[in-house]
Amino acid sequence: MLKVRGLRVKVGSFELKGVDLEVRDGRYMVLMGPNGAGKTTLLNAIAGLIRPIEGRVFLNGRDITRLPPEERRIGYVFQEPMLFPHMTVYGNVAFGLRARGLRGRELEEKVKWALELVGIEHLAPRRPGQLSGGEAKEVALARALAIGPELLLLDEPLAHVDEASRARLAEKLKDLHDQLGLTAIHVTHNRLEALKLADDLAIMDSGRLVQAGDAREMLRKPASEFVAKFLGFKNILRCRCRRLNGLYELEVDGLKILSVEGREGDAIMCLRAEDILVSVQRPVTSARNVLEGRVVSIEPRGHVFELRVEVGSGVELVSVITPVSKEEFGIRIGSKVYLAFKASSVKVI
Amino acid sequence: MRADARRPGMVPLPVAAASALGLLALAGPVFSILLSCSPHDLVRAFLDREVLSAIGMSFLTATATGLISLVLGVPLAYALSRSDGKLRSAVESVLAIPVLLPHTAAGIAVLSFFGPKSPFRPVMPFLLDKPLGIIVAQTFVSAPLLVFSARAAFDEVPVELELVARSLGASKTKAFLWVSLPLAKEGILAGFLMAWARALSEFGAVVVIAYHPETAPVLVYRRFLTSGLRGSQPVVVVLILLTACILAVASAFGMRPYGGARRA
Chain F
1 MLKVRGLRVK
11 VGSFELKGVD
21 LEVRDGRYMV
31 LMGPNGAGKT
41 TLLNAIAGLI
51 RPIEGRVFLN
61 GRDITRLPPE
71 ERRIGYVFQE
81 PMLFPHMTVY
91 GNVAFGLRAR
101 GLRGRELEEK
111 VKWALELVGI
121 EHLAPRRPGQ
131 LSGGEAKEVA
141 LARALAIGPE
151 LLLLDEPLAH
161 VDEASRARLA
171 EKLKDLHDQL
181 GLTAIHVTHN
191 RLEALKLADD
201 LAIMDSGRLV
211 QAGDAREMLR
221 KPASEFVAKF
231 LGFKNILRCR
241 CRRLNGLYEL
251 EVDGLKILSV
261 EGREGDAIMC
271 LRAEDILVSV
281 QRPVTSARNV
291 LEGRVVSIEP
301 RGHVFELRVE
311 VGSGVELVSV
321 ITPVSKEEFG
331 IRIGSKVYLA
341 FKASSVKVI
Chain U
1001 MRADARRPGM
1011 VPLPVAAASA
1021 LGLLALAGPV
1031 FSILLSCSPH
1041 DLVRAFLDRE
1051 VLSAIGMSFL
1061 TATATGLISL
1071 VLGVPLAYAL
1081 SRSDGKLRSA
1091 VESVLAIPVL
1101 LPHTAAGIAV
1111 LSFFGPKSPF
1121 RPVMPFLLDK
1131 PLGIIVAQTF
1141 VSAPLLVFSA
1151 RAAFDEVPVE
1161 LELVARSLGA
1171 SKTKAFLWVS
1181 LPLAKEGILA
1191 GFLMAWARAL
1201 SEFGAVVVIA
1211 YHPETAPVLV
1221 YRRFLTSGLR
1231 GSQPVVVVLI
1241 LLTACILAVA
1251 SAFGMRPYGG
1261 ARRA
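The listed protein sequences derive, respectively, from chains F and U. Take this note's numbering: the final residue in the first sequence is number 349, and no numbers are missing along the way. Take this note's numbering: the final residue in the second sequence is number 1264, and no numbers are missing along the way.
Please keep in mind that the hints were generated in silico from the structure rather than gathered at the bench. On a predicted model such as this, the values are computed, not experimentally measured, just so you know. Heads up, the beta-carbon is just placed ideally off N, CA and C, and yes, glycines get one too. Zero decoy hints are in this set.
Chain F stretches covered by chain U per the calculated footprint, using a threshold of three residues with CB under 8 Å from any CB of chain U:
(1) 74 to 87
(2) 143 to 153
Label-pair distances were calculated between CB atoms; the ranges are:
(3) F:L67 - U:V1159: 17 to 23 Å
(4) F:E106 - U:L1060: 45 to 51 Å
(5) F:P300 - U:A1016: 51 to 57 Å
(6) U:E1186 - F:G12: 30 to 36 Å
(7) U:V1091 - F:Q130: 36 to 42 Å
(8) U:E1186 - F:L67: 33 to 39 Å
(9) F:R103 - U:K1185: 20 to 26 Å
(10) F:I298 - U:K1185: 56 to 62 Å
(11) U:D1155 - F:R191: 34 to 40 Å
Starting from the given sequences, assemble the full structure and let the hints guide the process.
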């Protein structure tokens, strides 16, 4: 188990401002945050590459705050693979084991194990210059795993690789985590990647840890507008909240929305674009919220289109629609549409 | 695309003309002296024990200087490469002085270091007119070349590679020996050759401290003073031929004391 307590780190003008974090054994934590939030700095401090000015880091009960990196048993996959260019893949993977004094058969077996674990035994004799971006990342991963780390730090391990390699690597990370029960912290900007891999989520902003906890719980209950935005809530609106027949009625500039959760008084409502069903006729649905509106913009977003719909008195909601549905319904700017969503889809903070 | 950039046709005419002039100025004296020496004189020079002894002394002391520069210069180069800007500039300015000083002045500086008021004065008797004196003088003026070359090579090694090594369990020393040192190898070897060549050619600093035993540059100077151009030319030709052989061997082993990237 990793415990970070009140960690303060200064790097130039940037500062980590008293970070408290816990990663339980076998949990895969995904750490997210905008550029410059301090994610890499936090990883570096945990790995012992930067000295904190205050705070403590505990790994499995050991206080490792003052230990040099080589005594921490933390595997670290950097953003760039950073393979040793003068060594083969085998040499790279063997490096940490040699540094720990392993030689001969024991060394060979461990290197073989790590190469097979990541499925790259065929790359063993190659030089880093002969590897693709995805392969280099796999080698970096095998190298970090070879030392049998108590904690694995992954700084954007899926960045700067092609789409196919990214999907393969993500799958591999998930398998490895399931197989080895790794305790890991994985930094990423990619929300989909995060949601696919994370047991726990942690969000940082401006050197602070904004929220951390179980991924599902955080998706269900973001603690702030910032976290909600980061977790992909497209509709974040200020509202006035009151109890109504066992539910909550949220009033947004005169627009009434029903929610399962809420509290009396001013609040912020969050709603995912994906939780809103779009139709051109009033739907027959169990959803408690059905709003009529006009499409004000249609933007392509990868495989879907993002619709911005004015649902009354200047309030706009964002939804998504597939290209097939868009064509079938003949939706264009100015079209009248109905938006339906469940009261349980609305999160109130 | 890179190969296109090497086409001689890409060089504009004025640049080609200036290049030809530069080549003439630099290669001219070398070929002129090679042509001026008869085969008979050359054979005599090769058999002249004084010449062979001076060249042997030059090679011996230059090699010792190169090795000492390696032992002292590589750690210094690494420390400089990993130190902050201000300290590094200050130290590098000091190291540049022996290179920029007139050679005789460099010799005087070495003499003062071991002079009567210096705590190192007991060493002086082992230096004056001794091979050790030659080595000390040569090291003073040539080691900085190795330091600069090795420092540039260490600068090219990303610090992150050392951090990776440390996260994998390597101590600072192992990270240096297993990662930084092998990666900076080419620059260090180039620096070694530059230092060695500089030591081999050093005259001014050496002559101040140890006129004897004679090194090749000292012998050339003495022969020139006593026997004129004709007397010194064969010795110079022998030196040119030996230096060319060494450059060819170094080049065959991939060392490039004259710098530049290796062609694909």
